[in-house]
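When you get a sec, could you build the whole thing from the sequences and use the hints?
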Amino acid sequence: MTEISEKIAEVIEASTADFTAQCYELYQLPPLGSLVKTSDKESDIEIYGVVANATTTGIEPGRRPIARGKDEPDEEAIYRSSPQLARLLRSEFSVLVVGHRQDERLYHYLPPQPARIHGFVYLCNSEETRNFSQSLDFLNILLNTRLAVPADELAAAALRQMSQAHEDSHAFLVTAGKELASLLGGDYRQLKSILGRLK
Amino acid sequence: MTERLGIVISGSLEKAVEVRLDGAVSVEDMAVGRYVTIEGQKRRFFGMITDISLGVTDPALTITPPDITDSFTSEVLIGTSTFGTMQVSPYLVIGGDVDSLLEGPQPVKTVPSHFSVVNLASQADIELVFGSEDEGRYYIGTPLDMETKICLDLPELVKRSNGIFGKSGTGKTFLTRILLIGMLQKSTAANLIFDMHSEYGWAGTSEGGTSVKALKQLFPAKVAVFTLDEENARRRKVSTDFAVRIGYDEIEPEDISLLRQTLNLTDLAVEAVYQLRRHLGKSWLHDTVKLQDPDEIKALVESLRIHESTFQNLQRGLATIERLPFVIPHAQDNAVERVLGFLDQGMNVVLEFGRYNDIAAYILVANLLTRRIYDRYRERTERALGEGTAGPTPLVITIEEAHRFLNPEVASHTIFGTIAREMRKYNVSLLVIDQRPSGIDTEVMSQLGTKITCLLDNERDVDSVLAGASGRTALRGVLARLESKQQALIFGHAVPMPVVVKTREYGSAQSYREFTAIDQSASQEQVEKDIEELWQ
Numbered sequence: 000m001t002e003i004s005e006k007i008a009e010v011i012e013a014s015t016a017d018f019t020a021q022c023y024e025l026y027q028l029p030p031l032g033s034l035v036k037t038s039d040k041e042s043d044i045e046i047y048g049v050v051a052n053a054t055t056t057g058i059e060p061g062r063r064p065i066a067r068g069k070d071e072p073d074e075e076a077i078y079r080s081s082p083q084l085a086r087l088l089r090s091e092f093s094v095l096v097v098g099h100r101q102d103e104r105l106y107h108y109l110p111p112q113p114a115r116i117h118g119f120v121y122l123c124n125s126e127e128t129r130n131f132s133q134s135l136d137f138l139n140i141l142l143n144t145r146l147a148v149p150a151d152e153l154a155a156a157a158l159r160q161m162s163q164a165h166e167d168s169h170a171f172l173v174t175a176g177k178e179l180a181s182l183l184g185g186d187y188r189q190l191k192s193i194l195g196r197l198k
Numbered sequence: 000m001t002e003r004l005g006i007v008i009s010g011s012l013e014k015a016v017e018v019r020l021d022g023a024v025s026v027e028d029m030a031v032g033r034y035v036t037i038e039g040q041k042r043r044f045f046g047m048i049t050d051i052s053l054g055v056t057d058p059a060l061t062i063t064p065p066d067i068t069d070s071f072t073s074e075v076l077i078g079t080s081t082f083g084t085m086q087v088s089p090y091l092v093i094g095g096d097v098d099s100l101l102e103g104p105q106p107v108k109t110v111p112s113h114f115s116v117v118n119l120a121s122q123a124d125i126e127l128v129f130g131s132e133d134e135g136r137y138y139i140g141t142p143l144d145m146e147t148k149i150c151l152d153l154p155e156l157v158k159r160s161n162g163i164f165g166k167s168g169t170g171k172t173f174l175t176r177i178l179l180i181g182m183l184q185k186s187t188a189a190n191l192i193f194d195m196h197s198e199y200g201w202a203g204t205s206e207g208g209t210s211v212k213a214l215k216q217l218f219p220a221k222v223a224v225f226t227l228d229e230e231n232a233r234r235r236k237v238s239t240d241f242a243v244r245i246g247y248d249e250i251e252p253e254d255i256s257l258l259r260q261t262l263n264l265t266d267l268a269v270e271a272v273y274q275l276r277r278h279l280g281k282s283w284l285h286d287t288v289k290l291q292d293p294d295e296i297k298a299l300v301e302s303l304r305i306h307e308s309t310f311q312n313l314q315r316g317l318a319t320i321e322r323l324p325f326v327i328p329h330a331q332d333n334a335v336e337r338v339l340g341f342l343d344q345g346m347n348v349v350l351e352f353g354r355y356n357d358i359a360a361y362i363l364v365a366n367l368l369t370r371r372i373y374d375r376y377r378e379r380t381e382r383a384l385g386e387g388t389a390g391p392t393p394l395v396i397t398i399e400e401a402h403r404f405l406n407p408e409v410a411s412h413t414i415f416g417t418i419a420r421e422m423r424k425y426n427v428s429l430l431v432i433d434q435r436p437s438g439i440d441t442e443v444m445s446q447l448g449t450k451i452t453c454l455l456d457n458e459r460d461v462d463s464v465l466a467g468a469s470g471r472t473a474l475r476g477v478l479a480r481l482e483s484k485q486q487a488l489i490f491g492h493a494v495p496m497p498v499v500v501k502t503r504e505y506g507s508a509q510s511y512r513e514f515t516a517i518d519q520s521a522s523q524e525q526v527e528k529d530i531e532e533l534w535q
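So the sequences go chain by chain: X and R. Residue 146 in numbering that gives the first Met the number 0 is what sits at position 147 of the first sequence, and the numbering runs on without skipping anything. Residue 304 in numbering that gives the first Met the number 0 is what sits at position 305 of the second sequence, and the numbering runs on without skipping anything.
In short, the hints are calculated from the structure, not lab data. All C-beta atoms in this analysis are idealised placements derived from N, C-alpha and C, irrespective of residue type, glycine included. Each hint should be verified, as a subset may be incorrect.
Pairwise CB distance ranges, derived in the manner of DEER restraints [stated by the list, open to error]:
#  : chain 1 : residue 1 : chain 2 : residue 2 : range
1  : X       : Arg86     : R       : Thr68     : 50 to 56 Å
2  : X       : Gln27     : R       : Pro64     : 24 to 30 Å
3  : R       : Glu504    : X       : Ala170    : 43 to 49 Å
4  : X       : Leu25     : R       : Gly54     : 42 to 48 Å
5  : R       : Thr68     : X       : Asn143    : 29 to 35 Å
6  : R       : Ile67     : X       : Gln27     : 40 to 46 Å
7  : R       : Gly135    : X       : His169    : 54 to 60 Å
8  : R       : Gly54     : X       : Thr15     : 36 to 42 Å
9  : R       : Glu27     : X       : Ala170    : 21 to 27 Å
10 : R       : Glu482    : X       : Arg104    : 43 to 49 Å
11 : X       : Asn130    : R       : Gly54     : 50 to 56 Å
Here it is as structure tokens:
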């Protein structure tokens, strides 16, 4: 039985290299580094990306949440006594685009068009993750981005997530490590820091 | 099966080609002296590993090394950030261009292009380069870690003088024995061996102390053993063919001049020898030594204008020669004629020195005989040239402790220096065996066609052996890392490229059978042919 990819969010901001999606449920964020996809039905392109950052904020930019729990016995009680909170807060995550699928072929570089707003975002299942990570060409994109999350952390998180989809996760990590070593040939410090996070 | 080792990443023809090893290939499995093939875009190259080193992509790795107890990190880093490299000297083109296809391996004139794949040479490649055993090719040993036979081109070998070098105890004698057997079987040359330690004629000993058969035991029909010391030969139960005696009247001033250093003679004393010879005639040596009366000495030195101390110096020196038991007032039989007689029949002559293996005796006899034999050869060659007939059988003279004959001081005026320099003009060449090649005149060294060298570790010796060889720096590394036994580096005319061999076995019953096998089948054929002719 094949797993079905789970619909988790919707694109609310998009550019060629990345997009931001809002989760349908508060705090139902995909893990850092996990592989997600969104599709563009019109041009029949599926865009793959790696979760690069996540935030939970108030829905109105000007209004910051206030502390409410002084008289509550536990944290859960805050949400129980103010059920509107689930509507006033939102969880978003940004996704770094690392490849796309067009005409049944996977490409590990940027798609011709950015994602569409309101496109559904799915968390890729193991099979998709395995297929996509057959080639490690996307690592270069991960290493060369400037995001809130350091590139080392992101690359390590992505590889850890992907390794779970592989039967021999150690072998996958070694292969990926070797790819990193050749990409970071002249920068042993960065390589060491990523390798340290892969174990 | 070809085993991929890595790819070419840089290099030059002058130095060597640098090869980066694949991640899967352990640097520890490589060995200097091993053969590889390089698959260039248009040509196939054949080369030898001359150096192996370690590389890192980032120097920071060497400053703060990773934790090697962590298997994951080391697994990732090996072959990527840290890798092995090796220097490969390409020597031959063995495929791809027209010349190499038609005429076999050709010397390299270029280097393989970037990222050409480097494989371990297969058995077939090595056979292509070094040939397989046939009429002229002689199996001398195997390459390192392989079973293929490496063969010397013997007809090519005996065309020039050759050298065998190596520290004491590295297997020079065994190697020489093997080579002599080869020459005896596969070349048309006859051998004359001045056997200082009586190791080549009848039997020798191995390092372990066991006795090994030598030439006469293996090829009784082709080898004659001469001796200077019959008593010693009898005790060792060696059947000798002739006992060499040298008469005083046979020793000439030229024979003494070579012994200048050994006998501690001054230059003036050597000059005086010539005067004495002129003055006293054939029996000069005996007369000089026997002259004890002070008045007579005075009269003689005054008439010849020799200083008296010079005369005394000379007398002391000559007395050393006279004391040699094989030097007698007058020899009945002429040793030179006997040697030539055997050589002319295609026999090989081993002259054993028995107990008289001190250097003075060796130099005296070797020089005396060689000079006369060489003169005969020269006469015959010149006559043959005049008459348009074939010259005499090529002769290879084997000498040990060669630096005593061929050092820069004497090389220019000894017969061995002349032979080494004039080469094959008169069909005589040398096989030089020595442990201090740096003592040999550079001019002589440069004329040696093929050099076979066991381990040498003295800088100067290594330099002098490798002088003039292409890729000298690379070979130096190979030479210094030879094992102390049974391994030798061969380079020069008889092999298409420098080669490290593990010399073939010598000393077991099986090895004797292998050595004599060709000979027996050949003689068997000869017998059958003779019988057939008889019946016709």
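Against the structure, the hints come out as follows:
Distance hint check for Arg86 (chain X) and Thr68 (chain R): the Cβ-Cβ separation is about 53 Å, which falls inside the suggested range of 50 to 56 Å. Gln27 (chain X) and Pro64 (chain R) have their C-beta atoms about 44 Å apart, which leaves the hinted 24 to 30 Å range violated. A hinted range of 43 to 49 Å for the beta carbons of Glu504 (chain R) and Ala170 (chain X) is consistent with their spacing of about 46 Å. As the Cβ distance of Leu25 (chain X) to Gly54 (chain R) is approximately 53 Å, the hint placing it in 42 to 48 Å is violated.
Checking the proposed 29 to 35 Å range against Thr68 (chain R) and Asn143 (chain X) shows it holds: the Cβ atoms sit about 32 Å from each other. Checked against the hint of 40 to 46 Å, the pair Ile67 (chain R) and Gln27 (chain X) passes, with Cβ atoms roughly 43 Å apart. Evaluation of the 54 to 60 Å hint for Gly135 (chain R) and His169 (chain X) yields a pass: the beta carbon distance comes to about 58 Å. Range check, Gly54 (chain R) to Thr15 (chain X): Cβ separation about 39 Å, and the 36 to 42 Å hint holds.
Distance hint for Glu27 (chain R) and Ala170 (chain X): a CB-CB separation of about 23 Å, consistent with the stated range 21 to 27 Å. Our hint of 43 to 49 Å for Glu482 (chain R) and Arg104 (chain X) is violated, since their Cβ atoms are close to 57 Å apart. Distance hint for Asn130 (chain X) and Gly54 (chain R): a CB-CB separation of about 35 Å, inconsistent with the stated range 50 to 56 Å.
Comparing the model with each numbered hint stated earlier shows that hints 2, 4, 10 and 11 do not hold.
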